[in-house]
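Undergrad: These are the residues of each chain, in order.
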Amino acid sequence: MKRQLPCLAAPRRPRCDAGIIHSLLVALAAGACASEPPPADSERPARTSELSTDAPGLPGHAPERFGFGADASPERVALWDIDIKPDGEGLPPGSGSVADGRRVYEVSCLQCHGPTGTEGPNDRLVSADEWEQWPPGRAVGMYWPYATTLFDYTRRSMPQTTPGTLSDDDVYAVVAYVLHLNGLVPADAVLDAATLAAIEMPARERFVPDNRTGGPVVR
Amino acid sequence: MPTADRNGLSRRAWLAAATGAAATGLAMTRLDALKAAPLQDPPGQLPDPTKVPGRFVSEVGRRATGEQPRRLVRTLALSSSSRTPIHELQGTITPSDLHFEWHHAGVPEIVAEEHELLVHGMVDRPMVFRMADLRRYPQVSRICFIECSGNGGGAYSRSRMPTTITAQQLDGLLSTSEWTGVMLSTILREVGVKPGASWILAEGRDAAVMARSVPLDKAMDDAMLAYGQNGEAIRPEQGYPVRLLLPGWEGNAMVKWLRRIEVGDRPTMTRDETSRYTDPLKDGTARQFSFVMDAKSVITFPSYPYVLPERGWWEIEGLAWTGRGRITRVEVSTDGGRSWTDAALQQPVLPKSTVRFRHLWNWNGRETVILSRATDETGYVQPTVQQLWDARGERTSYHHNHQRAWRVAADGAVTFGLGDLL
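Residue numbers (my numbering), protein chains in the order written: chain R, 1 to 219; chain V, 1001 to 1422.
Worth flagging that the hints you see were computed from the coordinates, not collected in a lab. Just so it is clear, CB atoms sit at the ideal spot from N, CA and C, and this is done for glycine as well. Certain hints may be false.
[Claimed, not checked] Taking beta-carbon pairs under 10 Å as the criterion, some of the chain V residues facing chain R (in silico):
1) ASP1133
2) GLY1153
3) ALA1211
Construct all of the structure, not just a fragment, from the sequences and the given hints.
TA: Given below as structure tokens:
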């Protein structure tokens, strides 16, 4: 049975009926059965003894593609592709002002971060002017190397009890407000994809790659 | 009257249990002997098991009544953690229900049959995998540790060096499991990574949508998509139905409840690789992408709050591990670091896994400080805290892999002893 229908054999996963049907449909649709049938048992190398070097965990006779899984349409990708890169790639359309951001902050952020971003109880967002100390805590203006991270994190994880509920305009606005509280943008600033990506954060140049390498030197 | 009640057990009871076991020659381990006392006090509380039939078989087993190790739970709003009771466990495998946790927005409820993993970006074929798809790919298993890079931070500050801290409190953000899943390289081969790609972004399906960037080299080397843990489906607290596993690297990067992998040519600079999980150094820089967990060891017995009831033969034991391969040596000092002796390493010593070390010690009953230090296959020796302070300063927040010490007082009471050496 298994040898005759290699693509239909799913020996380890009998309980996920819906998933198996899904994968079968996908496999059939993708023409995955065109790959060579596995060799007879006597020819089959043990997985641990004949691993191909470019693909750890795969035996040498593994097909180039298995065909398990479905192609993802651009629309499907866009649904989850939410991350913002440090150069601004991924920032959505829209904009928000410091003034609007203050209103968003007072409704959605103040409870955890305090009236001025310094009181807590959760993370301090705004630093006092303590540059002579290092590290200066984790306040946005002191320790965050990219303004894009603030947009990315706010949109993906905040507000903590109702994450993902702010509109893109609201996120732009509250990011503008927090940056303003940190003295990084003026009170009349309006942020959008271009202006947010252009902001240079004070801590940017302080971040360096890991230089630990093992060996006798303690770094 | 019992004296010095520690950990809920009276010292008199421990003494009685330890000497009783020795006298009768029963094959009890030392820890068994120390902990068995409550069940025998008062004696005869339970019926003689040779005179009554035992209970029937059961669909799911349970721990012995007297053996109920617990995680140590700390809740800070929705960012919460629990620590593995490493001072109460044996061997190296962490029972799955005692694996440490650190969540950024709680444990999501996920139905495996509905879960999907999207892989896209700089690939030839963006694809969505359901769990049945992932399980059908060639499978691998390996044993490795997961450790939070903040582990050990409770004993790094010179001004706040603790004495009454347990091994669980200090180093319980460490667990070891046999993980089963598919090599990430297998999945990346399936989608076809485009030339020029150098990083992936891994993203979870929790309420924080936790995301970390990982170099493609690691993804293609030994990274796994793990859906099995210690012989069963991975636990919800560890990322059910599938998590990223990066052997030897800091736990935070091993994104749980994995729903998306984006292949790209640069890191995303997420919150957890910029404002968190970076290491401010004394020279005014901050070390970023400090993924590898360097060699570390900790003595788990004797440790606070154990009390040695008498002088004589005791076996010092603990755990050692490194993210850079294999532990090659663990040394133990029983004289405050003046002299060192090689401890025995329990075989097999697996790469990027924990190893249990043991050293038989004839305690003379005098106050002393005991320490351990591990060496890994790169020649790296677990540093002293002073070496880390010299290299990094005293205000760095992660990767506290310095030597730990325990003070054994003349009355047998054990406390954290690093402060005694400074």
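Undergrad: Go through the numbered hints given earlier and state which of them the structure violates, listing their numbers in rising order.
TA: Violated hint: only 2; rest satisfied.
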